[in-house]
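Protein chains in written order, with the working numbering: chain A, -14 to 271; chain U, 300 to 614.
Because the hints were derived from the structure by calculation, they are not lab data. Glycine residues also receive a C-beta, built at the ideal position from the N, C-alpha and C atoms. Incorrect hints may have been included.
[As the list claims (entries may be wrong)] Covered, in the sense of this in silico footprint (three residues per stretch, anywhere, with C-beta under 8 Å from a C-beta of chain U), are these stretches of chain A:
#, region
1, 64 to 78
2, 107 to 119
3, 236 to 243
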Amino acid sequence: MAVVEDDVVVSKRISSSRTQWPIFIALVVVAATIVYPLYFVIITSLRPNADYLQDPFGLPGEWTFDNYLRLAQTYGVGQAFLNSMFVSTTAVAIVLLLASLAGFALAKLPVPGTKYITATFVSVMLLPAPVLIIPVYLMLARLDLVGTYWGLILVYVATGLPFATFFLTLTFRGIPDEVIEAARIDGAGFFRIMWSIVRPMGSSGLATLAVLQFLGVWNELIFAFILIPEESMRLLTPTLASIGERFLTDQPLVSAGLFITASIPLILLAFASRYIMQGLQVGVSR
Amino acid sequence: MTSAALTSRVGAASAAPTGGAPAPRKPGGIRRRDRVVGLLAVLPAFLIVVGFMAFPVGFALFISFTKTNGLTYEWRGLDNYIALFNDPIVHQVFLNNLKFLISVPLVIFAALIVSVLLFERVRGWKFFRVIFFLPNVLSVAVIGIMFRNAFGYYGGVNQALGLFGIEPIQFFTNGGTAIAIIILALVWAGFGYQALLLLAGLTSINPAVFEAAAIDGAGWWKRLWYITLPNIRRVLGFVFIINVLYTFTSLFGFVFVMTAGGPGFDTTTIDYLVYLRAFSSTNLGSGAALAVVLFLFIGILTLIQNKVFKLQEED
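Full structure from sequences and hints, please.
As structure tokens, then:
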């Protein structure tokens, strides 16, 4: 693979060393269309509204964290942040656990009906959320789970599992049979093999999946909005949506909300971009 | 399982038939045990997926044949569907979705340019790759509100227009401009990720083809048009289909935070209408029928995708 990439570079350079600079500049321009709006949001969030209205594009005349404090103290954004964190971590942990078990079994054990089980996972993978809204809401209402985090977590686990299982089945197939066989001969049972072989050997795939699933749950809006009607229990995205609606005239305040919601994904992208990019290879099916 | 038990089983079962499945070295007793363990390991995930993804589809189908408020169900046959096809709002909303399809060529065009630029692998291309992926890690709530803010009355765009002495424009009180801004948000949110998909397609082209072309004296544009594009037409087709699917199933978030479907129903999409029907009308059956129609439509598109582009074989 590396050899192929080197070839590309060499062959490109033969003919196009002249075009290197224009291409670099074009990339910078495109990157600016992504980075500038975010820069604008961050800068705006750090200034008072009056200061923003005076000169929106310049640097703030007065820097302040006031918008963040107001959001946390008056509009419950701090609590919403914690709620989102709790729901996201719990849902991702459950997805990872169940998908690891299922993925390992489908990859390495002679599960009866593997074909049908895999077909079920794959066929629901692209199920559009709008189809699920009404029936899932009614089912959870019947189970008395509307308005609880567990109902929401259950939905996130169910919608996350198909891709997660598919992804981990592919990942775990890469573990050599000999290693597992050897462990068995040494007397390792199912859980022992999962913990001491599958977990470390599949760690890169597990990390990729954890990051992708976390992003998915953290960013989700529809179910978070519908299934948690109680305002004091709201997650971050619905809270942000209602703040965005209520404070049309206070751009700095809304910007602070935007940055709080975007902060965790941005941190993940900054520190785990390797895993996210790896997920991209398989994540075509998203 | 202790190792003693394991060896005794191996000894006892070595003659047993293995049921014709692969891995011939494993004797029957262990295989039987493996089947049970394997089944138990798959079961929790399988049951949750069947219970909360597969079953709801069937349930939605049932609801769509009834008049219901969620507590009592009254069988109505095809009434909801007939009402749907005669509903002027549904017609309008479907047309809206078609308008949003304008985003598809725009996203692909932007993604194509970016992928071709990245493919030159100039200094820092890996860093650019991460930057272009950035919108993809953000919530639609964040992107939607960011764009609504930017184009709001006090937003950056109107402030910038103000510098040129132009009066602020109410972008969201007009259906046409509101759709244009949602499309802009869609393009912004989607082009980077899709550029990376196209880049993967470009990378898989045999470099010898480029070398041959370079030796024959083909210029950059010629190579782009006669070699690069034809070679990635499959990935292009795939990207095209996922964009169309996305336009029909994933606009909810943008519409919800940017326009709430307004003015009137001018920016309401099918998925948003499902939500409106579900939570602001007395008959859930109507919303469910719409969801089922959407589901069938998406299913057909997906089948076409699988048939025409045969991506599954590629993996």
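Which earlier hints turn out false for this structure, listed by number in ascending order?
1
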